[in-house]
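The primary structure of each chain is shown beneath.
Protein chains: 2
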Amino acid sequence: MEFFEKLKFDSNGLIPAIIQDHKTGEVLMLGYMNEEALRKTLQEGKVHFWSRSRRRLWLKGETSGHYQLVKEIYFDCDGDALLIKVDQIGGACHEGYRSCFFRRVTEDGGFEIVGEKVFDPDKVYTA
Amino acid sequence: MEFFEKLKFDSNGLIPAIIQDHKTGEVLMLGYMNEEALRKTLQEGKVHFWSRSRRRLWLKGETSGHYQLVKEIYFDCDGDALLIKVDQIGGACHEGYRSCFFRRVTEDGGFEIVGEKVFDPDKVYTA
Chain V
0 MEFFEKLKFD SNGLIPAIIQ DHKTGEVLML GYMNEEALRK TLQEGKVHFW SRSRRRLWLK
60 GETSGHYQLV KEIYFDCDGD ALLIKVDQIG GACHEGYRSC FFRRVTEDGG FEIVGEKVFD
120 PDKVYTA
Chain E
0 MEFFEKLKFD SNGLIPAIIQ DHKTGEVLML GYMNEEALRK TLQEGKVHFW SRSRRRLWLK
60 GETSGHYQLV KEIYFDCDGD ALLIKVDQIG GACHEGYRSC FFRRVTEDGG FEIVGEKVFD
120 PDKVYTA
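From first to last, the protein sequence lines are chains V and E. Once you know that position 75 of the first sequence is 74 in numbering that gives the first Met the number 0, the rest is easy, because the numbers rise by one and skip nothing. Once you know that position 119 of the second sequence is 118 in numbering that gives the first Met the number 0, the rest is easy, because the numbers rise by one and skip nothing.
Please keep in mind that the hints were generated in silico from the structure rather than gathered at the bench. Hints may be right or wrong, so weigh each one.
Copies of the same chain look alike in the list, so a pair counts if it works inside one copy or between any two.
[Said to hold, decoys possible] In silico DSS-like pairs for lysine-lysine, Cα to Cα no more than 30 Å straight-line:
1) 5 <-> 116
2) 116 <-> 7
3) 45 <-> 7
4) 7 <-> 122
5) 39 <-> 5
6) 5 <-> 122
7) 122 <-> 22
8) 70 <-> 122
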């Protein structure tokens, strides 16, 4: 993998991956991949991350079915960030929103919810 | 700043910020902010980062004039990533491209340059 050699994983062996809707351009989330997560993403065409909180490989959508189907992968000038354009099944956010960036900062330093809720987390994550 | 309380800076005091063109939706770069960089960004309306390599506050465009004028700021469900929509003057990438994500991975595991070159770095960075 020629492009792999251009990448710099950090001291924890991770690289951040921006996930973007390939049709609308909406930024859906930021996740972290180790080498294995990136290789599985390439092999299977579905986004895999390294979950820093659970300390394990994580197929995005494994519980919810809300997979991220890979359309294009880009990497940046320094080789220390990825941009992955995907076809997002359902919603990216575990809180039920299409995008994890559903809160916008307001002029007074507060925030407002502007995201679109596309599913009910209580019905999707029933474990 | 009510939204500040929702943010989680990492063990180095940093939070990643995705920079996106507010008109086209193009993802331009990923940078890192500490609290001071974020406060200055809010105060001045121009994106500031913490440069991890130079270990100092960094007004994006301070040398090139290629400032990023803040239009909207979002933060994610976990409070550990920012999405900032900007009006990008010139190009975001020090290599002369509009976006730092100017290389796309090809099917054979190589890559191709697909980004648009918008300035000549040798003429802009003359120090």
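Structure-based check of each hint:
1. For the identical chains of this complex, residue 5 and residue 116 are inter-copy neighbours only, at 20 Å across copies versus 37 Å inside a copy, given an alpha-carbon limit of 30 Å.
2. In the homo-oligomer, the alpha carbons of residue 116 and residue 7 lie at most 30 Å apart only across protomers (23 Å), although the nearest pairing inside one protomer, at 35 Å, exceeds that limit.
3. Taking CA atoms no more than 30 Å apart as the test, residue 45 paired with residue 7 passes in both settings, with 22 Å inside one copy and 28 Å between copies.
4. In the homo-oligomer, the alpha carbons of residue 7 and residue 122 lie at most 30 Å apart only across protomers (28 Å), although the nearest pairing inside one protomer, at 39 Å, exceeds that limit.
5. In this assembly of identical chains, residue 39 and residue 5 lie within 30 Å of each other by CA distance solely inside one copy; the values are 18 Å within and 33 Å between copies.
6. Proximity of residue 5 to residue 122 under the C-alpha cut-off of 30 Å is restricted to the inter-copy arrangement: shortest distance 26 Å between copies versus 42 Å within a copy.
7. In this assembly of identical chains, the alpha carbons of residue 122 and residue 22 lie at most 30 Å apart only when taken from the same copy (27 Å versus 36 Å across copies).
8. Proximity of residue 70 to residue 122 under the C-alpha cut-off of 30 Å is restricted to the intra-copy arrangement: shortest distance 28 Å within a copy versus 36 Å between copies.
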